[in-house]
Every structure is written in C-alpha cells, then in structure tokens.
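Go ahead and model the full structure; you've got the sequences and the hints to work with.
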Amino acid sequence: MELHAQRDAFCISYGVSRPQLPLCGIAHWEATLKGTVVQHSALHEEQAYVAPGFFYLPVSERPDPHHLNSLAQEAHTADWLLVPSMEKSTDSMRLQYEQKIIPVPFMQVAYLQVEGTLDECLLTSMGRKHYKEMMRLTRRAEDICHTQVYRLDELSENSEVLAAFSLLQSFNVDKYQHVKNLYPLEAMQALARSTEGSKYYIKINYDKTTDAPVYGSLSYADEQRGVFSQLVQGQDRRRVPTGLNLYVSDYYQLYKVAESLGFKSNCLGRGAIDMKIRMGANRVLELENWLIPIRTSNPHQMHEFSNARDS
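According to the working numbering, the residues represented by the sequence shown are 1396 to 1706, in order.
Quick caveat, the hints were computed from the structure, so don't treat them as lab data. Among the clues, some could well be false.
[Claimed, not checked] Estimated spans, in silico, between C-beta atoms of each pair:
id, residue 1, residue 2, range
1, Thr1485, Gln1543, 38 to 46 Å
2, His1399, Asn1464, 13 to 21 Å
3, Lys1603, Asn1464, 49 to 57 Å
4, Ala1607, Arg1523, 32 to 40 Å
[What the hints assert, rightly or not] Calculated pairs, DSSO-like style, for lysine-lysine (alpha carbon to alpha carbon, straight line, at most 27 Å):
id, residue 1, residue 2
5, Lys1594, Lys1575
6, Lys1651, Lys1524
7, Lys1598, Lys1527
Computed from a predicted model, the values in this text were never measured in an experiment. Glycine is no exception: its CB is placed at the ideal position from the N, C-alpha and C atoms.
If you want it as structure tokens, here you go:
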C-alpha cells in the first residue's frame, strides 16, 4: 500500500518535497529522544527517508521483502530508511529480509476488539461503573451538542468543516506542546482531494445554542485490514459548555460510527495506554520502527541506541 495521500500530507506538514529529513526533525522520532542523553547526538541528525505510513497511521503494514528492497532504492540519498510504527517483530521474521534491519522500540498501541455487541463488550472491558459513567457523559453531550459525521471526500476544499476541524485540532497541538502539527488546513485539503479521502471521517460536536464547533476528531476506516482507527482530536475549551466531557463521549460516539460502518476492530491510537484502557481498550500491542542503513557509517551506534530503548 503506497499511501500517496499520507505522503503528500507529510511533505506539506514538514515543508519538504520528499519524505526525507533529519531523524531528530521527525516529530515522532524526536518524541522518543526527549530527556535522553542522546537527544542532541549527531547520530540523530542523520537523514532518514520515511516509508509509507509516515506516522499518519497508528500502525503501519510491515512491507514484504521485495517492497523493502524497493523502498531502500528510493532512499538512496538518505543515511537511513525509516519504516514507521509497526507491530513488534521477532528475529525470525526479520531473517526473511535481505536488508540489515535495526528494530527500534517505539510506543504501545491500544485496540477495542468488539466481541458480541458493542455495549456488552464495553461493559466487560470497562466494568459497570466506568461504562455507566461513559453512557452518562455521552447522553449529556448529546443533550447539549449536536453531532455531525463527514466523509472527507464529500467536503469541498474550502469547506468550513475542514477549517473548523483544523483549528480544533491545532488547540490540541498547542495544549500538549507537540513539536509539529501534522494536520494543518493545507494537509487536510490534500487528504480530502486524494483517492484516500473516502476512508477519512471527521466528527464534529456543535454547541446547540451557538452552533459553534467545539470538538472535532478524525478517523480512518481501513476496510482492507478491517480496522477503524481513531487518529487525532481537539477541542475549543473556551467554548465547551460547563459539565461536558467531550473527550470521553467522543470515544463512544466513534465506537458507534465504527459499528455503523461494520467494523469490529477499533484502533485507539498510540500512547496514553492507561487512559485508553479506561475508555474500553482490551488489547495492547508493542510497536517498533525499523531503521535500514543506507549511507550511514554509524549502524553500530544505532544498534546501541535500540538496545538502550529496549532495556
């Protein structure tokens, strides 16, 4: 899967013509370095060519050996080929590849795998107390806000919905001091006009009194893999009516969107695993990034970094 739309969005967000830049300039790589003694090491200033997935999907497909060889050729001017955010592999899995692969531990990812009905599954995974609280908060949100779900390819490039979502998401970027906003308006417009546009869904909660957009989230429906992925969200806290917790209600509303589309597997994204377990996650997996040496002269140092991350 080439994921040209995500490639375009990546290049727009980073201001590059191809997905190649210093490792430490990649937001998700920089996040793994924060607070470490190697944060300012020259090793992480080496150039990396980023493979499909581009950190836009919580979990990327593992390329087959032929595809990895092709990607290594595309990365010929870089020091490294970076294959992002895959489920953790084993030594025997990596032996099938010609390329030398350095697996670098990354983050964890959480899923809600629905067995039986959605509500029965949530009751089991969350417990009665937390499930009832989620239902109460969702009812409260739906009393005060009306909710709209939009498929990205149905929105025009100058759509107010795209602008509203991009602004709401930027509040989240600012709040958590992310080093890069990966969903600026220009990137959202590129995704909307791409062949992938039909897989993206924006959900926005509007205050019924003012009709102002107060909360937005973006999801990706992958029918081929059978996974509905919750990607990013944001809210305008100044406008959220008192007494609402739209973060919690968003989870349930998105579970219902996934259910309406026929999905049983909900990917809740990377990180904040304890919170996602409280929101119903019943499966947690380890992720890793692969680094394939291309022009670097420092593979040994990167092996040491990987081993330190794994300890």
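Here's how the hints hold up against the structure:
no., hint, verdict
1, Thr1485 with Gln1543: 38 to 46 Å, "holds (44 Å)"
2, His1399 with Asn1464: 13 to 21 Å, "holds (20 Å)"
3, Lys1603 with Asn1464: 49 to 57 Å, "holds (55 Å)"
4, Ala1607 with Arg1523: 32 to 40 Å, "holds (35 Å)"
5, Lys1594 with Lys1575, "holds (23 Å)"
6, Lys1651 with Lys1524, "holds (20 Å)"
7, Lys1598 with Lys1527, "holds (23 Å)"
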